[in-house]
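Asker: For the sequence shown, the numbering used here assigns the number 273 to the initial residue and increments by one for each residue that follows.
Derived from the structure by calculation, the hints contain no laboratory data. Hints may be right or wrong, so weigh each one.
What the hints assert, rightly or not - As a list, the in silico BS3-like pairs of lysine-lysine whose alpha-carbon atoms are at most 27 Å apart: (1) Lys337 x Lys392; (2) Lys404 x Lys343; (3) Lys312 x Lys343; (4) Lys325 x Lys377; (5) Lys390 x Lys358; (6) Lys404 x Lys358; (7) Lys369 x Lys358; (8) Lys377 x Lys358; (9) Lys312 x Lys404; (10) Lys337 x Lys367; (11) Lys369 x Lys392; (12) Lys312 x Lys369; (13) Lys337 x Lys362; (14) Lys390 x Lys369; (15) Lys367 x Lys390; (16) Lys367 x Lys312; (17) Lys390 x Lys312; (18) Lys362 x Lys392; (19) Lys362 x Lys404; (20) Lys367 x Lys377; (21) Lys392 x Lys367; (22) Lys325 x Lys362; (23) Lys343 x Lys362; (24) Lys325 x Lys312; (25) Lys343 x Lys325; (26) Lys390 x Lys343; (27) Lys390 x Lys377; (28) Lys337 x Lys404; (29) Lys358 x Lys392; (30) Lys325 x Lys392.
Said to hold, decoys possible - Per label pair, the in silico range of CB-to-CB distance: (31) Asn372 x Cys318: 18 to 26 Å; (32) Asp345 x Gly319: 14 to 22 Å; (33) Thr331 x Gly399: 15 to 23 Å; (34) Glu406 x Lys362: 30 to 38 Å; (35) Asp299 x Arg344: 16 to 24 Å; (36) Ala342 x Gly363: 38 to 46 Å; (37) Asn308 x Asn334: 13 to 21 Å; (38) Ala388 x Thr341: 40 to 48 Å; (39) Asp345 x Gly400: 18 to 26 Å.
Since this is a predicted model, take the numbers as computed values, not measurements. Just so it is clear, CB atoms sit at the ideal spot from N, CA and C, and this is done for glycine as well.
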Amino acid sequence: MLKSVLTAAIAAAGFLAAASAGATAADARGDWVRANGASKIRITSCGNALCGKLIWLRTPRNDTKNPDTAKRDRPLLGIDIVQSMKPTGKGGQWKGKVYNAEDGKTYTGFIALEGAEKLKLEGCVMGGLICKGETWTRAQ
273 MLKSVLTAAI AAAGFLAAAS AGATAADARG DWVRANGASK IRITSCGNAL
323 CGKLIWLRTP RNDTKNPDTA KRDRPLLGID IVQSMKPTGK GGQWKGKVYN
373 AEDGKTYTGF IALEGAEKLK LEGCVMGGLI CKGETWTRAQ
């Protein structure tokens with residue numbers, strides 16, 4: 273009897289932990305507007321990670337800074353700029369890659385929720401020692 277109760281309690285705890293982890297990831301999903309209002313990304317699940325596509329630009333343009341010359345004529349709209357973000361173990365934070373179309377480089381990246389309506393997006397060099405980022409606002 274005690275073994276059955278313990279098994280049920282462990283299963284319930286595991287279910288609650290999984291549900292709360294999913295809720296945290298779900299909070300980061302959605303549309304986010306850059307602080308200057310010039311662009312919007314949509315963060316969605318991609319397997320067991322989070323990814324973000326550029327879905328709107330005030331001034332649409334091509335990926336002219338891409339180091340791959342074959343990609344310089346492609347439109348930026350639809351490009352994954354937030355790539356393979358996985359939970360870091362710190363609540364509401366994910367680590368992966370961020371593509372910066374302004375310089376054509378891909379950086380180690382972090383996203384972190386700052387409440388329900390704000391998302392910090394950072395690109396880092398030197399293994400995360402030097403980071404630069406912006407706070408994005410959830411789109412209405």
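Asker: It remains to establish, for every hint, whether it holds in the given structure.
Answerer: Against the structure, the hints:
| no. | hint | in the structure |
| --- | --- | --- |
| 1 | Lys337 x Lys392 | holds, 24 Å |
| 2 | Lys404 x Lys343 | holds, 25 Å |
| 3 | Lys312 x Lys343 | holds, 21 Å |
| 4 | Lys325 x Lys377 | holds, 16 Å |
| 5 | Lys390 x Lys358 | holds, 18 Å |
| 6 | Lys404 x Lys358 | holds, 19 Å |
| 7 | Lys369 x Lys358 | holds, 10 Å |
| 8 | Lys377 x Lys358 | holds, 20 Å |
| 9 | Lys312 x Lys404 | holds, 18 Å |
| 10 | Lys337 x Lys367 | holds, 24 Å |
| 11 | Lys369 x Lys392 | holds, 14 Å |
| 12 | Lys312 x Lys369 | holds, 17 Å |
| 13 | Lys337 x Lys362 | violated, 33 Å |
| 14 | Lys390 x Lys369 | holds, 19 Å |
| 15 | Lys367 x Lys390 | holds, 17 Å |
| 16 | Lys367 x Lys312 | holds, 20 Å |
| 17 | Lys390 x Lys312 | holds, 13 Å |
| 18 | Lys362 x Lys392 | holds, 14 Å |
| 19 | Lys362 x Lys404 | holds, 19 Å |
| 20 | Lys367 x Lys377 | holds, 17 Å |
| 21 | Lys392 x Lys367 | holds, 12 Å |
| 22 | Lys325 x Lys362 | holds, 24 Å |
| 23 | Lys343 x Lys362 | violated, 35 Å |
| 24 | Lys325 x Lys312 | holds, 9 Å |
| 25 | Lys343 x Lys325 | holds, 16 Å |
| 26 | Lys390 x Lys343 | violated, 31 Å |
| 27 | Lys390 x Lys377 | holds, 24 Å |
| 28 | Lys337 x Lys404 | holds, 19 Å |
| 29 | Lys358 x Lys392 | holds, 15 Å |
| 30 | Lys325 x Lys392 | holds, 16 Å |
| 31 | Asn372 x Cys318: 18 to 26 Å | holds, 19 Å |
| 32 | Asp345 x Gly319: 14 to 22 Å | violated, 29 Å |
| 33 | Thr331 x Gly399: 15 to 23 Å | violated, 34 Å |
| 34 | Glu406 x Lys362: 30 to 38 Å | violated, 19 Å |
| 35 | Asp299 x Arg344: 16 to 24 Å | violated, 35 Å |
| 36 | Ala342 x Gly363: 38 to 46 Å | holds, 41 Å |
| 37 | Asn308 x Asn334: 13 to 21 Å | holds, 20 Å |
| 38 | Ala388 x Thr341: 40 to 48 Å | holds, 42 Å |
| 39 | Asp345 x Gly400: 18 to 26 Å | violated, 33 Å |
In this structure, the earlier hints numbered 13, 23, 26, 32, 33, 34, 35 and 39 are contradicted, and the remaining ones agree with it.
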